[in-house]
Structure formats: C-alpha cells, structure tokens
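Participant: Given only the sequences and the hints, what does the whole structure look like? Please build it.
Per our numbering: the sequence shown = residues 6 to 216.
Hints in this document: simulated from the structure, not taken from any laboratory. Hints may be right or wrong, so weigh each one.
As the list claims (entries may be wrong) - Pairs of lysine to any residue, SDA-like flavour, derived with a Cα cap of 25 Å:
no. : residue 1 : residue 2
1   : Lys121    : Leu67
2   : Lys15     : Thr73
3   : Lys82     : Tyr69
4   : Lys84     : Trp23
5   : Lys84     : Ile193
6   : Lys82     : Arg157
7   : Lys121    : Ile63
8   : Lys84     : Val158
9   : Lys84     : Val27
10  : Lys84     : Thr73
11  : Lys121    : Leu64
12  : Lys82     : Ile72
13  : Lys82     : Cys95
14  : Lys84     : Leu30
15  : Lys82     : Phe159
16  : Lys84     : Ile29
17  : Lys84     : Pro28
18  : Lys121    : Val58
19  : Lys84     : Ser20
20  : Lys15     : Val36
21  : Lys82     : Phe33
22  : Lys84     : Gly74
23  : Lys15     : Arg207
24  : Lys82     : Ile163
25  : Lys82     : Asp135
26  : Lys84     : Leu19
27  : Lys82     : Lys121
28  : Lys15     : Phe33
29  : Lys121    : Ile131
30  : Lys84     : Ser25
31  : Lys82     : Ile208
32  : Lys121    : Asp135
33  : Lys15     : Ala26
34  : Lys84     : Ala26
35  : Lys82     : Ser209
36  : Lys15     : Asp83
37  : Lys84     : Ile131
38  : Lys84     : Ile22
39  : Lys82     : Ile172
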Amino acid sequence: MKLSNHSYTKSAWLSLIWLSAVPILNIFYGVLNRPGDHVNSLATSLDHMIPFVPSFIILYVLWYPFITGALIALAFKDKRTYFQTLIALCSGLVISYIFFALFQTAIDRPDIRNEKGFIYTMVSYIYSQDQPYNCFPSIHVLTSYLILRGTRVFRRAIWAMTSTLSILIMVSTVLVKQHVAADIAGGILVGELCFRLAGIARISISSHKME
Numbered sequence: 006m007k008l009s010n011h012s013y014t015k016s017a018w019l020s021l022i023w024l025s026a027v028p029i030l031n032i033f034y035g036v037l038n039r040p041g042d043h044v045n046s047l048a049t050s051l052d053h054m055i056p057f058v059p060s061f062i063i064l065y066v067l068w069y070p071f072i073t074g075a076l077i078a079l080a081f082k083d084k085r086t087y088f089q090t091l092i093a094l095c096s097g098l099v100i101s102y103i104f105f106a107l108f109q110t111a112i113d114r115p116d117i118r119n120e121k122g123f124i125y126t127m128v129s130y131i132y133s134q135d136q137p138y139n140c141f142p143s144i145h146v147l148t149s150y151l152i153l154r155g156t157r158v159f160r161r162a163i164w165a166m167t168s169t170l171s172i173l174i175m176v177s178t179v180l181v182k183q184h185v186a187a188d189i190a191g192g193i194l195v196g197e198l199c200f201r202l203a204g205i206a207r208i209s210i211s212s213h214k215m216e
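Facilitator: So this is what it looks like as structure tokens:
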C-alpha cells in the first residue's frame with residue numbers, strides 16, 4: 006500500500022533517528038586513534054610521488070556536512086536505499102575499527118609548522134585533531150564511496166554532482182597526506198563489500214515480508 010506524502014515524510018523524519026548510530030560508533034575511533042605496540046606503514050613509491058596539495062583540505066573538510074546531508078536527502082528520496090547505505094556505512098565502520106585495532110597503520114605528514122595562511126591553518130587544525138593513525142582503510146573513502154553508490158537513485162544530474170564530489174574527497178585524502186594509496190583501495194573494497202551485503206540483506210527481508 007502506497008503511503009501518502011505526509012505519511013512518507015513523517016516516516017522519513019523518523020528514519021533519521023538511526024543516523025545517531027554513526028556518532029555512537031565514532032566513539033571507538035577516538036579510542037583507537039593513538040599509537041599501539043606495533044605500527045605499520047603501507048606507503049609505497051607511488052605515495053612518495055603524490056604531491057602535497059594543501060588547498061584540497063577544503064574538500065577534505067567538506068566531507069563532514071556532505072555525508073550527513075547526502076544521507077538525509079536519501080532518507081526522503083528512497084528509504085530502502087537510505088537504510089542499505091546506512092547499514093553498509095555502520096558495518097564498514099565496525100570493519101575499519103577491527104583493522105585499526107589489529108593492524109594499525111600510520112602516515113608521515115609534511116612539516117607545516119612554519120607555513121602561513123588560512124589553508125595551512127586548516128591543515129594544521131586537522132592534523133592536531135586527528136592523529137596520524139587509523140589509516141587503513143580510509144573512513145573518508147569508505148563513506149564517500151557509499152554515498153557515490155547510494156545516491157544513484159537520484160536523477161542523473163544530481164548523481165553526477167554527488168559522485169564527482171565523492172571522488173574529489175577520496176582524492177583529497179592522499180593530497181593532504183592523511184592517507185596513502187592503499188588506504189583508498191581498502192576503503193573502496195570495504196565499502197563495496199558492505200553495500201552489496203546490505204543490499205542482499207534488504208532483498209532477503211523484503212522477500213520474507215511478501216511471503
């Protein structure tokens with residue numbers, strides 16, 4: 006039975022309550038974001054060739070409102086895809102935290118202490134708030150990739166914008182030296198796995214309801 010516009014909107018607002026799972030899970034990020042007994046490096050020669058481009062910190066920081074805004078928009082556009090994306094995101098966070106706990110990696114950051122300007126101030130602030138650990142897989146990449154996948158339910162022009170911004174945010178992680186290339190690959194792989202599994206679970210639940 007099709008819901009009225011008013012009922013659907015009310016249901017969409019209620020579904021946003023589940024977004025609270027994300028900040029709750031993020032508590033573990035802070036707990037794990039410190040050096041352990043053994044810290045690994047996944048940096049390769051490719052990473053040494055990638056330049057430091059501080060201006061990309063703007064895109065890196067845009068990640069915070071972008072992910073939240075995209076999930077809210079999804080809740081009102083297509084609740085099934087919203088829940089699939091949110092479940093995949095939460096599952097991806099759990100998998101990431103397991104990696105952080107069992108296989109901790111770190112990244113060498115450029116020394117910008119003597120640099121001046123607004124952009125460097127932003128980079129310095131991010132560096133001060135986020136220790137150089139919890140790198141593999143990249144949560145920025147994981148979540149941005151999931152938004153790229155989830156927002157395909159929107160019309161082509163909107164999806165083109167969200168996917169472009171998602172890709173730019175993923176690229177920004179290596180250009181501001183918060184991650185290495187392997188972290189991007191890990192984030193995409195975990196994101197794709199979780200999105201597919203969440204989709205299978207969604208279809209299975211829908212099938213049981215129809216029986």
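Participant: The structure should be examined with respect to each hint, and the outcome stated for every one.
Facilitator: Hint-by-hint comparison with the structure:
Under the criterion of a C-alpha separation no larger than 25 Å, the hint pairing Lys121 with Leu67 is consistent with the structure, at around 22 Å. For the suggested pair Lys15 and Thr73, the alpha carbons sit about 19 Å apart, so the restraint of at most 25 Å is met. At most 25 Å may separate the alpha-carbon atoms for a hinted pair to count; Lys82 and Tyr69 meet this at roughly 20 Å. A distance of roughly 12 Å separates the Cα atoms of Lys84 and Trp23; the hinted pair therefore holds under the 25 Å criterion.
As the CA atoms of Lys84 and Ile193 are separated by approximately 23 Å, the hinted pair is consistent with the 25 Å bound. At roughly 11 Å between alpha-carbon atoms, Lys82 and Arg157 fall within 25 Å of each other, so this suggested pair holds. Between Lys121 and Ile63, the direct Cα distance comes to roughly 16 Å. Compliance with the 25 Å bound is thereby established for this hinted pair. With a C-alpha separation of about 11 Å, the suggested pair Lys84 and Val158 falls inside the 25 Å cut-off, and the hint holds.
Simply put, Lys84 and Val27 have alpha-carbon atoms about 17 Å apart, close enough for the 25 Å limit, and the pair holds. The suggested pairing of Lys84 with Thr73 holds, with an alpha-carbon distance near 15 Å, which does not exceed 25 Å. For the hint linking Lys121 to Leu64, the alpha-carbon distance of about 19 Å falls within 25 Å, and the restraint holds. Restraint check for Lys82 and Ile72: satisfied, since their Cα atoms lie roughly 15 Å apart, inside the 25 Å limit.
For the given pair, Lys82 sits about 20 Å from Cys95 by alpha-carbon distance, which is consistent with the 25 Å threshold. Straight-line distance between C-alpha atoms of Lys84 and Leu30 comes to about 21 Å, which keeps the hinted pair within the 25 Å bound. Of the pairs offered as hints, the one joining Lys82 and Phe159 holds, with about 8 Å between alpha carbons and a cut-off of 25 Å not exceeded. Between Lys84 and Ile29 the alpha-carbon distance is near 21 Å, which keeps this suggested pair within the 25 Å criterion.
Between Lys84 and Pro28 the alpha-carbon distance is near 20 Å, which keeps this suggested pair within the 25 Å criterion. The suggested pairing of Lys121 with Val58 holds, with an alpha-carbon distance near 14 Å, which does not exceed 25 Å. With a C-alpha separation of about 8 Å, the suggested pair Lys84 and Ser20 falls inside the 25 Å cut-off, and the hint holds. Distance hint between Lys15 and Val36 is unfulfilled; the C-alpha atoms sit about 36 Å from each other, more than 25 Å.
At most 25 Å may separate the alpha-carbon atoms for a hinted pair to count; Lys82 and Phe33 exceed this at roughly 30 Å. Under the criterion of a C-alpha separation no larger than 25 Å, the hint pairing Lys84 with Gly74 is consistent with the structure, at around 15 Å. Between the alpha carbons of Lys15 and Arg207 the distance comes to roughly 21 Å, so the proposed pair stays at or under 25 Å and holds. Taking the CA atoms of Lys82 and Ile163, the gap is about 12 Å. The hint holds against a cut of 25 Å.
Only pairs whose Cα atoms come within 25 Å are accepted, and Lys82 paired with Asp135 is rejected, the gap being roughly 33 Å. Of the pairs offered as hints, the one joining Lys84 and Leu19 holds, with about 11 Å between alpha carbons and a cut-off of 25 Å not exceeded. Of the supplied pair hints, the one linking Lys82 and Lys121 is violated, its CA atoms being roughly 43 Å apart against a limit of 25 Å. Restraint check: the Cα-Cα separation between Lys15 and Phe33 comes to about 32 Å, which exceeds 25 Å; the hinted pair is violated.
About 15 Å separates the Cα atoms of Lys121 and Ile131, which keeps this hinted pair within 25 Å; it holds. A C-alpha spacing of about 16 Å is found between Lys84 and Ser25, which places the hinted pair at or below 25 Å, so the restraint holds. Distance check on the hinted pair: Lys82 and Ile208 sit about 18 Å apart at the alpha-carbon level, within 25 Å; holds. A threshold of 25 Å between alpha carbons decides the hint, and for Lys121 with Asp135 the separation of about 20 Å falls inside it, so the pair holds.
Proposed proximity of Lys15 and Ala26 is supported: the alpha carbons are some 20 Å apart, at most 25 Å. With a C-alpha separation of about 16 Å, the suggested pair Lys84 and Ala26 falls inside the 25 Å cut-off, and the hint holds. Of the pairs offered as hints, the one joining Lys82 and Ser209 holds, with about 22 Å between alpha carbons and a cut-off of 25 Å not exceeded. Restraint check for Lys15 and Asp83: satisfied, since their Cα atoms lie roughly 13 Å apart, inside the 25 Å limit.
In summary, the hint linking Lys84 to Ile131 is not supported, as the alpha carbons are separated by about 33 Å, beyond the 25 Å threshold. The hinted pair formed by Lys84 and Ile22 meets the criterion: a straight-line CA distance of about 13 Å does not exceed 25 Å. A distance of roughly 22 Å separates the Cα atoms of Lys82 and Ile172; the hinted pair therefore holds under the 25 Å criterion.
In the structure shown, a violation is registered for the earlier hints numbered 20, 21, 25, 27, 28 and 37, in ascending order.
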